[in-house]
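Asks: Chains as they are written, first to last, in this note's numbering: chain A, -18 to 123; chain B, 140 to 359.
The hints are simulated quantities; they were obtained by calculation from the structure and are not laboratory data.
Take the hints with a grain of salt, since some may be wrong.
[Stated by the list, open to error] Restraint-style ranges between C-beta atoms, simulated for each label pair:
1) A:H109 - B:V204: 40 to 46 Å
2) A:I48 - B:R260: 39 to 45 Å
3) B:E187 - A:E25: 36 to 42 Å
4) A:E25 - B:R340: 31 to 37 Å
5) A:T92 - B:T268: 55 to 61 Å
6) A:D87 - B:S345: 51 to 57 Å
7) B:T314 - A:D87: 54 to 60 Å
8) A:S89 - B:K301: 57 to 63 Å
9) A:P54 - B:V204: 36 to 42 Å
10) B:L341 - A:P54: 44 to 50 Å
11) B:K156 - A:K96: 53 to 59 Å
12) B:G202 - A:I48: 36 to 42 Å
13) A:D120 - B:D181: 24 to 30 Å
14) A:Q4 - B:S191: 17 to 23 Å
[Said to hold, decoys possible] Just so you have them, the derived chain B footprint on chain A, three or more residues with Cβ under 8 Å:
15) -18 to -5
16) 85 to 93
The beta-carbon is built from N, C-alpha and C at its ideal position, and this holds for glycine as well.
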Amino acid sequence: MADKVLIVDDDKDFLSIMAERMQNRGMEVVTALSAAEALRKLEEESFDAVLLDLMMPEMGGIEALQIMRKKQPEIQVIFVTGHPSVSKGVEAMKLGAMDFLPKPVDLSDLTEKIKQAKDSRMILVEKHTQEKIKKILTDKGW
Amino acid sequence: MAHMDLIGLSGIQFFGKMSASISHDLKNVLAVINENAGLLEDLCLMAEKGKSLDPVRLKRLAGDVKNQIRRGDRIISSMNTFAHSADSESVTIDLRELLGLLVELSLRYASMRGVRLEIDRPSDSVTVTTSPFVLLNLLWFCLDYAMTAAGPGKTVEIAAEKTADGAWLRFRKLTGMDTAAGSFPAEPERALMRVLNAQIRLVPDSREVAVSLPNKIQEE
Chain A
-18 MADKVLIVDD DKDFLSIMAE RMQNRGMEVV TALSAAEALR KLEEESFDAV LLDLMMPEMG
42 GIEALQIMRK KQPEIQVIFV TGHPSVSKGV EAMKLGAMDF LPKPVDLSDL TEKIKQAKDS
102 RMILVEKHTQ EKIKKILTDK GW
Chain B
140 MAHMDLIGLS GIQFFGKMSA SISHDLKNVL AVINENAGLL EDLCLMAEKG KSLDPVRLKR
200 LAGDVKNQIR RGDRIISSMN TFAHSADSES VTIDLRELLG LLVELSLRYA SMRGVRLEID
260 RPSDSVTVTT SPFVLLNLLW FCLDYAMTAA GPGKTVEIAA EKTADGAWLR FRKLTGMDTA
320 AGSFPAEPER ALMRVLNAQI RLVPDSREVA VSLPNKIQEE
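Please model the entire structure based on the sequences and the hints provided.
Replies: Right under this line is the structure:
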């Protein structure tokens, strides 16, 4: 099954070329030009990884990450930013980002990280499902 | 540089803020060029495996790279003009051009706050003899306040007009001016006003901040 990725960036040119390159590598790609649009898309479908820009109009990447993690704790977010700083990187990682990459990004590295994100997400989803089953079994006394 | 001594840290912070924005924009340009080069490599690899190269796609790719180079060139030109604005403490400038530079430098910050910037450009030149860097710094403070006073989703209109003894610069359409927090102008703006012999007036009735400048800055 193809890796499914959501790319969020306010730079339209970057968004379209990244989407095309990742599609050429067999990934299923959805794009969003703002954090608000990304949050709407996350309500509709789930993704193996989210590539998130740090500085965007109205809602920045850090705020978006916090909302995403609250709604989907298993979500895997990789920051891809033209504005890398150690403090922002540390903040993002503390809030649960999977990685923090500066632009321009190496697509081979990114593809590898997306695969890792998919694996991590699957483990978390499985764990979550097992916990749910365990809770049902305990609650029902079977 | 007497003016730079007077504005000191505030001037360095302003220079840093604008430089950070410029470097961010340039990073984005490089990122897009990098991805275009990467796509070209992808297409070559696919061609080596027997997939035919589409000349239309290649032309579009070349066009996209040229667009990014134009975008980068515009950013670097603004950066160069901005850097040279600190060369002289007193030079005759056309305020229409200075406003263009101010808007170009501030676009990213405006975009972050969801505010649009428009220049109401007069047909005739509006010249004053002043310190361009210090004036840009003061106008940035005014624009920063104006963007807060306008609010997200709104437009700030900036205009310049010539008067007998100098010029007026106006930041208009500040619909949220009554509720804008903080005192303005505060001490950092006042320090710049003293250097430039400028005045700032808040005009709630016409929803604008007006800056008056003398024809010629007083030499130290």
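Asks: Count residues of the stretch -18 to -5 of chain A with a Cβ under 8 Å from any Cβ of chain B, then say if the count reaches three.
Replies: This one holds; 4 residues, not fewer than the three required, reach chain B with a Cβ under 8 Å.
Asks: For the hint 57 to 63 Å, verify it against the beta carbon of A:S89 and that of B:K301.
Replies: 58 Å, holds
Asks: Holds or violated: 36 to 42 Å for the Cβ distance of B:E187 and A:E25?
Replies: Given a distance of about 38 Å, which is inside 36 to 42 Å, the answer is holds.
Asks: Can you tell me whether the CB distance of A:T92 to B:T268 sits inside 55 to 61 Å?
Replies: 58 Å, holds
Asks: How does the Cβ-Cβ distance of A:H109 and B:V204 compare with 40 to 46 Å: does it lie in that range?
Replies: 45 Å, holds
Asks: Please check whether A:D120 and B:D181 have a Cβ separation lying inside 24 to 30 Å.
Replies: 52 Å, violated
Asks: Within 31 to 37 Å or not, the Cβ separation of A:E25 and B:R340?
Replies: With a Cβ separation near 50 Å, A:E25 and B:R340 fall outside 31 to 37 Å, so the hint is violated.
Asks: Given the hint of 36 to 42 Å, is the C-beta distance from B:G202 to A:I48 inside that range or not?
Replies: Since B:G202 and A:I48 have Cβ atoms about 37 Å apart, the given range 36 to 42 Å holds.
Asks: Between the stretch 85 to 93 of chain A and chain B, see if three or more residues pass the 8 Å beta-carbon test, and mark the coverage as holds or violated.
Replies: holds (count 3)
Asks: Should the hint that A:I48 and B:R260 are 39 to 45 Å apart at their CB atoms be regarded as holding?
Replies: 41 Å, holds
Asks: Is 53 to 59 Å respected by the C-beta to C-beta distance linking B:K156 and A:K96?
Replies: At roughly 39 Å between Cβ atoms, A:K96 and B:K156 fall outside 53 to 59 Å, so the hint is violated.
Asks: Is it true that the C-beta distance of A:Q4 to B:S191 lies inside 17 to 23 Å, as the hint says?
Replies: At 18 Å between Cβs, range holds.
In the structure shown, a violation is registered for the earlier hints numbered 4, 7, 11 and 13, in ascending order.
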